[in-house]
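S.K.: Counting along the sequence shown from 1, when you hit position 153 you're at 299 in our numbering, and nothing is skipped either side.
These aren't lab readings, by the way, just hints derived from the structure by calculation.
For clarity, every value in this text was computed on a predicted model and none was experimentally measured.
Wrong hints could be hidden among the right ones.
Straight-line C-alpha distance at most 30 Å; calculated DSSO-like pairs for lysine-lysine [as the list claims (entries may be wrong)]:
1. 221 with 248
2. 411 with 370
3. 411 with 246
4. 370 with 248
5. 246 with 221
6. 246 with 370
7. 411 with 221
8. 221 with 370
9. 411 with 248
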Amino acid sequence: MTGAATRHLTRQCTVSKSTTMCVWRTVNDTLPRPTYECKRYSSQHKGQLQPDEYELRVGYAITILQDELPQFFTKGLVSHDIYSQHVVLSDPHYTRLSIKGKTAYLGIAEMLRWSLGYYFDNVDFEIIRMRVVPDKPSDPPSSSTPSSGSITPFSAIPRDPLRLDLLSSASQASQALSPASLPAPSALSASSPSSTIVSYNSTTTTNDRPSSNVRSLEIRWQLKARPHTFFPKSNPQHQDNLRQVDGVFVYTFDSQGYICEHEIKRIEPTPSRTILLMHSYGGRLRAFLEALKRRNEPELRPGLGI
């Protein structure tokens with residue numbers, strides 16, 4: 147197994163004047179454990195995944211997020227194939243959580259959807275801006291002040307996942323991929339380098355190819371909801387008590403085009419301590435249960451045969 151200790155037998159013989167004694171010994175060879183980091187796409191990974199296929203997966207993930215996030219509190223996260231198996235949910239500012247693993251990530255998202263649905267009525271989640279962040283020192287992530295050259299309004303974002311040229315301010319493609327070349331979502335979930343590679347039309351030149359520098363996606367969102375009350379008649383101001391929360395998410399893509407990190411960049415106004423403590427303890431409990439589950443899973447070990 148990868149990352150585990152493998153055993154094999156070796157024979158050691160001792161030769162004396164009259165006899166030869168051989169002893170079989172078990173030798174453990176520890177294989178190097180792989181490190182699961184959020185490795186972004188660069189020229190070093192071109193042998194593993196072609197740029198066209200990388201852009202296709204990133205565009206597919208952007209379209210899924212564009213469709214699912216506004217309906218998160220009614221349907222949840224439906225498409226799971228856009229996330230890496232080792233996706234990390236990072237909240238360095240509020241709960242200081244860092245949850246690793248696809249199962250834990252989906253569990254935290256479902257717990258958040260359930261808890262906010264319990265405290266609020268008519269939760270409305272709207273995407274305000276989506277911005278593609280290139281991995282270049284000269285083009286850092288946007289600050290609190292939007293820039294007209296780097297921020298794309300949500301209404302101008304295309305519905306076609308292949309039109310990454312309209313999302314990226316660094317490159318403007320003259321034509322998009324042919325709609326007939328878009329594979330099924332199941333084909334996009336395969337992370338094998340031998341997956342089908344979709345090419346551009348013959349009229350599109352190499353310099354016009356979009357989003358070869360796409361690394362992260364910054365989403366600015368707005369949430370509106372009314373606090374839930376069990377006795378609405380006793381609270382006549384309930385209909386006017388509308389809460390509004392603004393925030394920023396940053397999704398980072400790995401070298402295969404899957405989402406490997408979801409960072410909570412900013413939430414305004416800052417959530418209350420009760421909500422922060424609830425989600426902090428809930429997230430840590432979920433991470434502990436996932437680690438305990440992985441520890442109790444049976445591990446296959448090769449048998450010894452002489």
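S.K.: All the hints need checking, so say for each whether the structure fits it.
M.R.: Consistency of the hints with the structure:
1. 221 with 248: holds (18 Å)
2. 411 with 370: Answer holds: residue 411 to residue 370 is near 19 Å, not above 30 Å.
3. 411 with 246: holds (17 Å)
4. 370 with 248: holds (28 Å)
5. 246 with 221: holds (23 Å)
6. 246 with 370: holds (29 Å)
7. 411 with 221: Roughly 24 Å separates the two Cα atoms, so the pair holds.
8. 221 with 370: With a Cα-Cα distance of about 17 Å, the restraint between residue 221 and residue 370 holds, given a limit of 30 Å.
9. 411 with 248: The given pair, whose Cα atoms are some 20 Å apart, holds under the 30 Å limit.
The structure agrees with every numbered hint stated previously.
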